[in-house]
Amino acid sequence: MLKNRHLLGWLQASPLALVLLAFLLAPIVMIVIVSFWGATEFSIYPAFQFDNYEFLFGSPVTYRVFGATFKYAFITWALTLSIGFTVAYFLAFHVRSQTMQIALFLLCTIPFWTSNIIRMISWIPFLGRNGIANQTLISWGLIDEPLEWLLYSDFSVILAFVHLYTLFMVVPIFNTMMRIDRALLEAARDNGASGLQTLRHVILPLTKPGIMIGTIFVVTLVMGDFITVRFMSGSQRANVGRLISNDIALLQYPSAAATAVVLLATVLIMIAVMLRFVNIRKEL
Amino acid sequence: MDRRPRSFYVLAAFFTVFVLFLYGPIFTIGILSFQGPKGGLTFPMNGVSTHWFRDLFEQQAVGDIWGAFRRSAGLGLMVMVTTVVVSVMAGLAFRKRFRGSGLLFYAAITSLVIPSILVSLGVGLIFNQLGLKVHWATSGFGSQLTWTLPFGLLIMFAVFNRFDKSYEEAARDQGASSWQTIRYVVLPIIAPSLIGVGLFGFTLSYDEFARTLLTAGSYNTLPLEIFGMTTNVTTPVIYALGTLTTAFSLLIIAAFLLAVWVLGKRRARAGSDAGKGV
Numbered sequence: 001m002l003k004n005r006h007l008l009g010w011l012q013a014s015p016l017a018l019v020l021l022a023f024l025l026a027p028i029v030m031i032v033i034v035s036f037w038g039a040t041e042f043s044i045y046p047a048f049q050f051d052n053y054e055f056l057f058g059s060p061v062t063y064r065v066f067g068a069t070f071k072y073a074f075i076t077w078a079l080t081l082s083i084g085f086t087v088a089y090f091l092a093f094h095v096r097s098q099t100m101q102i103a104l105f106l107l108c109t110i111p112f113w114t115s116n117i118i119r120m121i122s123w124i125p126f127l128g129r130n131g132i133a134n135q136t137l138i139s140w141g142l143i144d145e146p147l148e149w150l151l152y153s154d155f156s157v158i159l160a161f162v163h164l165y166t167l168f169m170v171v172p173i174f175n176t177m178m179r180i181d182r183a184l185l186e187a188a189r190d191n192g193a194s195g196l197q198t199l200r201h202v203i204l205p206l207t208k209p210g211i212m213i214g215t216i217f218v219v220t221l222v223m224g225d226f227i228t229v230r231f232m233s234g235s236q237r238a239n240v241g242r243l244i245s246n247d248i249a250l251l252q253y254p255s256a257a258a259t260a261v262v263l264l265a266t267v268l269i270m271i272a273v274m275l276r277f278v279n280i281r282k283e284l
Numbered sequence: 001m002d003r004r005p006r007s008f009y010v011l012a013a014f015f016t017v018f019v020l021f022l023y024g025p026i027f028t029i030g031i032l033s034f035q036g037p038k039g040g041l042t043f044p045m046n047g048v049s050t051h052w053f054r055d056l057f058e059q060q061a062v063g064d065i066w067g068a069f070r071r072s073a074g075l076g077l078m079v080m081v082t083t084v085v086v087s088v089m090a091g092l093a094f095r096k097r098f099r100g101s102g103l104l105f106y107a108a109i110t111s112l113v114i115p116s117i118l119v120s121l122g123v124g125l126i127f128n129q130l131g132l133k134v135h136w137a138t139s140g141f142g143s144q145l146t147w148t149l150p151f152g153l154l155i156m157f158a159v160f161n162r163f164d165k166s167y168e169e170a171a172r173d174q175g176a177s178s179w180q181t182i183r184y185v186v187l188p189i190i191a192p193s194l195i196g197v198g199l200f201g202f203t204l205s206y207d208e209f210a211r212t213l214l215t216a217g218s219y220n221t222l223p224l225e226i227f228g229m230t231t232n233v234t235t236p237v238i239y240a241l242g243t244l245t246t247a248f249s250l251l252i253i254a255a256f257l258l259a260v261w262v263l264g265k266r267r268a269r270a271g272s273d274a275g276k277g278v
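As given, the protein sequences belong to chains A and B, one line each in that order.
The first sequence: position 283 = 283 (full-length UniProt numbering), numbered continuously.
The second sequence: position 24 = 24 (full-length UniProt numbering), numbered continuously.
Just so you know, the hints here were simulated from the structure itself, not pulled from any lab data.
Be careful, since some hints might not be right.
[To be verified] Only part of the chain A face toward chain B is listed, based on derived beta-carbon distances under 7 Å: (1) 17; (2) 19; (3) 48; (4) 49; (5) 125; (6) 131.
Even for Gly, the Cβ is constructed at its ideal location relative to N, Cα and C.
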């Protein structure tokens, strides 16, 4: 019977296991292998050399680009967390009818199911030199000349990240908030806690698992991104993902693979640390 | 009901601004896609016309967008069906601890957090070295599953965490086989959530870019086609395309939500047959 249980489990899980084996683990192994290969201008050849890593760690560009990637991740994390927490808090504790709650929650999540690329493109008429933002600011007399840093800058990159990924914070935080026993809030109030004190000492600690899950999503999405940075910075800013995609475009697969290995290691270490603070399966 | 505190109005205002921030840009390109034939990429509107939409339907100067749309829709359906079936099976498996289940779970989490371009690169390299041709229906399909399956699995965890096991016990007590229990008891109960998994499967595939980038081969999916356009198309035709494909996405989402709603209604009307000797 015991054996039977394990066998049945694997039978049911085998399609998932096979897909992950073929399209996740095998590709990772392949990338690790190729990261030791060599490349000519036109092709790659099997080898076992550390040239790609030596070049990667020897180049000041690498450190600068990793620094920029961490910067994007940190700023985006801070913004999505503050915005996401506030939105979730409003939905969970201030909207009283459940129908309204569901409706507003759906309103926040629908963009998740639409195209990221279109959502990036849609910022152009806003931020461009003759865009809505500049025209408005000029007509209000706040500025005389169009601001150049609105589009194709760090500003537009982070704005797009926040626009795309805040709902990855809203959803898990809202989910944990909805599970907080309302009696606890009443108890806090009965004991004389102000609204802010309840928020700080009751709600915030109980919401931590949701915050952790949201953080995992946002940080990994930003760390692994290349398309948002490329599009929203007009190719003027770099992050690790762009380093990889540039190498790919030049057919320098081994070098791209080495960068990819370092990026993957970085992301997995960050996630491993975060997972120590939360049990994902229990929180769903 | 007691009076709303002042913080409610502050937060409501914040929420409104957030929703405007979320939807404002997409509405803007919706409006701008109706630019006159001489209009540009920003305001002011230079007349109002459906010129750019007709452009999409008529000439193929913008590439093979209709072919790309068909491929994306087909791939979305393939990914949707696979995601639902595989997630349900895996969800059932994970209800009991089996040897290696922890490992498989962490593999699924890795699949979720791994930078998309790594999947693209790795799968591309493997196909390359094996001398296989990358194609959206093979390598593209598999790569997208690494993104949709973890989502499906997490939803199944959420579903089975809330699942009342006494239904199954009741079925077993009445002599149902384990297959009958799943087919006639478990699946009907979790059906609305499966619609949700389907929605994730279809839309995440339909919009996926990075994981298909190096795995779609010579025939582009729609997001790849659109991204290609951003580098060389400088007319509102790209807004028209953006508006259309977003409208399509919204239509799909509405259809799924409607399905969940109808299912809930029907269930409520049918009510419980407990004690009626059915």
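Status of each hint after checking the structure:
no.	hint	result
1	17	holds, 6 Å
2	19	holds, 5 Å
3	48	violated, 16 Å
4	49	violated, 17 Å
5	125	holds, 5 Å
6	131	holds, 5 Å
Hint check: violations occur at hints 3 and 4; the rest are consistent with the structure.
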